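J.: These are the residues of each chain, in order.
Protein chains: 2
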Amino acid sequence: MSTADTNNVDGSSANRANLDNFDAEALTAEAQSLLEQFCRQPSIAAQHQGIAEMAALIEDALRATGFTTQRFAAPAGVDAPDIVYGELRGSGPYTMLLYNHYDVQPPEPFELWLSPPFEPTVRDGKLFARGSSDNKGEIAARLTAIRALRAAHGTLPITIRWIIEGEEEIGSPHFEQLIAPHADLLKADGCFWEGSGFGREDNPTLGLGSKGLLYVQLDLQGMAGDAHSGNATILPSAAWRLVQALATLRAPDGRITIPGFYDTVREPTEAQLAVVASHPDDDDLLKETFGVERFNDGLAGFELRKRYSFAPTCNIAGLLSGYTGEGTKTVLPAKAMAKIDFRLVPDQEPDDILAKLKAHLAAQGYGDIAVTTFSNAEPVVTPIEDPFAQRVIELAEAYAATNGTKPEITLIGGGTLPLLGALRRQVGLPGLSAPGNPTYWANGAHAPNEHIRLRDLRNAVLLNCHQFMHLEGA
Amino acid sequence: MSTADTNNVDGSSANRANLDNFDAEALTAEAQSLLEQFCRQPSIAAQHQGIAEMAALIEDALRATGFTTQRFAAPAGVDAPDIVYGELRGSGPYTMLLYNHYDVQPPEPFELWLSPPFEPTVRDGKLFARGSSDNKGEIAARLTAIRALRAAHGTLPITIRWIIEGEEEIGSPHFEQLIAPHADLLKADGCFWEGSGFGREDNPTLGLGSKGLLYVQLDLQGMAGDAHSGNATILPSAAWRLVQALATLRAPDGRITIPGFYDTVREPTEAQLAVVASHPDDDDLLKETFGVERFNDGLAGFELRKRYSFAPTCNIAGLLSGYTGEGTKTVLPAKAMAKIDFRLVPDQEPDDILAKLKAHLAAQGYGDIAVTTFSNAEPVVTPIEDPFAQRVIELAEAYAATNGTKPEITLIGGGTLPLLGALRRQVGLPGLSAPGNPTYWANGAHAPNEHIRLRDLRNAVLLNCHQFMHLEGA
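Protein sequences, first through last, are from chains A and B. Just so you know, we're using this note's numbering here: the first sequence kicks off at 1 and counts up by one. Just so you know, we're using this note's numbering here: the second sequence kicks off at 1 and counts up by one.
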């Protein structure tokens with residue numbers, strides 16, 4: 001898609017400059033420079049690395065863009081990174097809340113990265129770095145768009161409120177506690193969450209909600225310390241007990257066998273199925289992207305997309321016991337550990353699933369397994385009929401029409417935004433994963449070699465300009 | 001047990017000095033000094049650390065004791081550490097072969113060591129270091145005994161041949177290849193393997209054989225790279241497939257469910273069961289040592305010892321998939337790995353068990369799991385009626401009688417000496433885990449805080465003196 005293709009978008013306010021007035025190449029360079037600055041700063045919430053430094057960097061960038069900023073700090077005795085908050089008053093009454101996070105996933109395993117995760121590197125038109133896609137690229141694109149609009153117009157037509165937290169990748173454990181005293185500052189007509197981006201045909205994508213997440217760690221200790229494996233005849237094996245406990249959670253065919261797990265799963269509606277049916281088949285592309293020959297149960301097309309959207313999961317995210325180094329060690333391990341994440345769909349509730357998991361383990365004779373909860377978030381979905389959602393979809397359609405495409409709407413994403421439950425409870429405004437994130441389907445988020453395409457960064461900046469100029473028309 | 005208790009052993013040659021002539025405290029100090037020197041040198045075969053340095057240290061120590069030494073080197077193109085060989089001619093025709101290894105198990109996990117694994121540290125009469133018990137302590141005790149006998153008599157009554165390899169802890173993969181060209185140098189009247197030591201009442205222990213070992217690594221790859229766990233609905237999970245494949249190998253009650261696994265297991269004979277029945281109950285001590293409240297299946301006493309001696313195992317020595325660091329990472333792992341060691345009893349054959357494992361995995365739909373074999377050793381047992389075994393038992397009984405105890409005889413140890421099959425094939429002499437190893441039941445071999453008791457080091461030196469003086473009476 002050439003720059004010219006995207007620059008003639010019909011806005012609702014004819015007296016406001018359209019995208020032709022912007023130098024797309026210069027804006028892309030500016031966004032890339034900002035993004036590289038952000039990505040060079042590690043900010044790993046799970047490992048408490050670089051979080052304070054990243055918060056300062058983000059607050060400085062907001063201030064340099066004209067925002068009035070403040071920190072939402074944890075109360076005394078609570079160890080949680082500040083939330084960075086900024087407000088930029090616009091000329092009209094319409095107010096948008098933006099949500100982002102400044103933390104990233106851990107970079108391990110390092111050896112699979114083709115370039116160091118915190119040294120942004122451009123190869124083949126792509127910028128590689130941990131956080132480039134999830135979600136520092138989005139912060140850079142939004143900031144660049146706002147700077148461009150301020151440069152062109154002085155004042156934006158809408159007020160922008162922006163909240164940027166530092167614990168999203170560990171499940172936003174303190175988000176609600178930190179925003180509760182400041183809920184008035186978060187009032188708006190709608191919220192742009194993180195996420196979404198550009199689809200296969202460079203068409204904007206947007207999402208109306210996310211699955212819930214229950215992330216637990218299971219720990220087993222069979223004896224005081226590791227023993228020589230010659231004792232395996234008579235001493236308990238933590239590794240075997242963990243394997244056998246896990247095997248009771250899920251059948252080999254993939255069905256989750258915790259009693260009652262599916263009880264509250266809501267069947268998709270006709271309207272939802274129609275949206276899923278309207279999506280293109282990405283099967284071959286997905287197979288190539290992930291390096292698989294077939295999907296679970298041989299699913300394809302509509303059935304594959306339906307499963308992706310509406311099925312809950314019980315995923316083993318980590319598994320550890322005994323000796324895992326080079327060669328051999330004949331050891332009977334004293335301990336075994338599994339990390340499990342459940343993705344939940346409406347109307348599953350994480351507390352209910354946790355209780356069912358614990359009851360099941362106890363009933364199967366594994367009551368000695370310690371269950372530690374790391375993340376606990378319910379599924380949140382904005383109805384597709386909501387006026388704010390409809391307005392964003394209209395704008396995305398107008399933008400997409402310039403290159404002959406249509407926005408791709410995701411009803412429930414496979415990922416999870418645990419803060420959405422807190423936002424809904426504390427603020428209550430409609431939200432969505434906004435178009436305008438410079439990511440795409442093969443971005444490697446949460447995996448080695450995370451990256452964005454630079455052409456998506458350009459499109460993201462331009463689409464954000466378009467949205468911020470025209471949203472108040474709702 | 002005081003030194004005086006052990007010094008009046010009735011030897012078979014009255015004209016030879018008895019143990020009274022030795023300064024037990026000075027010999028213990030000498031053995032401790034040697035042992036500390038050996039333990040300060042890491043020699044981790046699995047990690048290729050310090051092996052060449054350790055071989056040089058051992059060869060120097062043999063030479064300093066009067067041995068004529070040589071190396072059994074790997075042929076060109078084979079990457080294997082040298083075997084150190086030494087011979088010390090005695091005055092009579094009787095010849096003993098000693099076997100030891102100069103490598104040690106990996107020290108991980110470091111954080112559980114109370115003192116660094118390669119900094120020998122004495123606490124509470126115990127010397128802590130990786131390899132102190134398995135088996136550098138035995139080398140130090142044997143060397144010190146031989147030095148003492150040379151100091152007292154100039155020449156020993158028997159010829160000692162000593163073979164010390166560097167890959168025992170990874171299953172002696174090149175042992176047979178390296179000794180085959182030198183089999184003539186290994187001829188002897190009997191062989192003292194490594195192992196055994198002192199029992200609960202400071203009584204000598206000895207072992208007549210060891211279980212076989214099949215050590216395999218199972219590797220599964222589900223897709224090209226790790227993915228965001230939101231994709232777990234549709235993408236294959238290597239971790240789940242590994243867990244579910246493992247769960248087909250062993251029932252929750254501990255029975256191994258690979259078809260045919262038990263087919264060739266020989267029932268223990270009456271004579272064997274009588275030896276097991278003669279052993280004391282160590283149940284409470286073992287429970288305290290390993291920090292367990294009960295043994296598998298609630299076993300106790302005779303039944304516990306019978307299980308320990310005669311049962312084969314399928315042990316998970318290591319398990320790894322996905323993210324295992326601090327906190328959370330919502331990842332769908334592309335790979336999963338398990339290390340499994342099978343301890344085999346007569347007449348199980350490792351090749352047969354490996355074939356049955358592979359056939360079972362394929363039959364269960366897990367034919368895509370890569371099976372890598374690291375160790376492959378058959379069970380080896382010397383009959384208790386063998387004259388050499390009987391002579392060693394007599395000497396041990398005479399030594400034990402000085403403190404009113406009896407030797408403890410183990411028919412089949414829980415551990416494995418993979419080189420025994422090679423020794424049997426190449427040399428064919430009767431062997432046993434000799435009394436005179438300064439180890440005891442709670443030595444932490446293969447685990448953090450491996451150690452010996454200094455009083456066992458003293459007893460080991462004295463018992464070795466006793467044996468080397470009187471073995472030729474057989």
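Derived from the structure by calculation, the hints contain no laboratory data. Keep in mind that this is a model prediction, so the values were computed, not measured. It is possible that some hints are incorrect.
Chain copies aren't distinguished; within one or between two, either way the pair holds.
Unchecked claim - In silico DSS-like cross-links for lysine-lysine, where the CA-CA straight-line distance does not exceed 30 Å:
#, residue 1, residue 2
1, 356, 287
2, 335, 406
3, 356, 187
4, 287, 335
5, 406, 356
6, 358, 406
7, 306, 406
8, 356, 335
9, 306, 335
10, 358, 187
11, 358, 335
12, 187, 306
13, 335, 187
14, 287, 306
15, 406, 287
16, 187, 287
17, 306, 356
J.: Determine for every hint whether it applies to the structure shown.
T.: Hints, verified against the model:
1. Taking CA atoms no more than 30 Å apart as the test, residue 356 paired with residue 287 passes in neither setting, with 34 Å inside one copy and 34 Å between copies.
2. Taking the shortest alpha-carbon separations for residue 335 and residue 406, neither the intra-copy value of 52 Å nor the inter-copy value of 37 Å comes in at or below 30 Å.
3. In this assembly of identical chains, residue 356 and residue 187 lie within 30 Å of each other by CA distance neither inside one copy nor across copies; the values are 36 Å within and 66 Å between.
4. In the homo-oligomer, the alpha carbons of residue 287 and residue 335 lie at most 30 Å apart only across protomers (17 Å), although the nearest pairing inside one protomer, at 36 Å, exceeds that limit.
5. Proximity of residue 406 to residue 356 under the C-alpha cut-off of 30 Å is found in neither arrangement, the shortest distances being 42 Å within a copy and 56 Å between copies.
6. Taking the shortest alpha-carbon separations for residue 358 and residue 406, neither the intra-copy value of 45 Å nor the inter-copy value of 51 Å comes in at or below 30 Å.
7. Taking the shortest alpha-carbon separations for residue 306 and residue 406, only the intra-copy value of 20 Å comes in at or below 30 Å, while the best inter-copy value is 73 Å.
8. In the homo-oligomer, the alpha carbons of residue 356 and residue 335 lie at most 30 Å apart both inside one protomer (24 Å) and across protomers (29 Å), since each shortest distance falls under that limit.
9. In this assembly of identical chains, residue 306 and residue 335 lie within 30 Å of each other by CA distance solely across copies; the values are 26 Å between and 39 Å within a copy.
10. With identical chains, the CA atoms of residue 358 and residue 187 are never at most 30 Å apart, being 38 Å at best within one copy and 62 Å at best between copies.
11. Taking the shortest Cα distances, residue 358 and residue 335 sit within 30 Å of each other both inside one copy (19 Å) and across copies (27 Å).
12. Neither within a single protomer nor between protomers do residue 187 and residue 306 lie at most 30 Å apart by alpha-carbon distance, with minima of 34 Å and 73 Å respectively.
13. Taking the closest pair of Cα atoms, residue 335 and residue 187 never come within 30 Å of each other, the shortest separation being 48 Å inside a single copy and 45 Å across copies.
14. Within a single copy, residue 287 and residue 306 get their C-alpha atoms as close as 17 Å, which meets the 30 Å cut-off; across copies the closest is 53 Å, which misses it.
15. In this assembly of identical chains, residue 406 and residue 287 lie within 30 Å of each other by CA distance solely inside one copy; the values are 23 Å within and 68 Å between copies.
16. In this homomeric assembly, residue 187 and residue 287 never come within 30 Å of each other (Cα to Cα): the closest approach is 42 Å inside a single copy and 62 Å across copies.
17. Proximity of residue 306 and residue 356 under a CA criterion of 30 Å is satisfied intra-copy only: 26 Å inside one chain copy versus 41 Å between copies.
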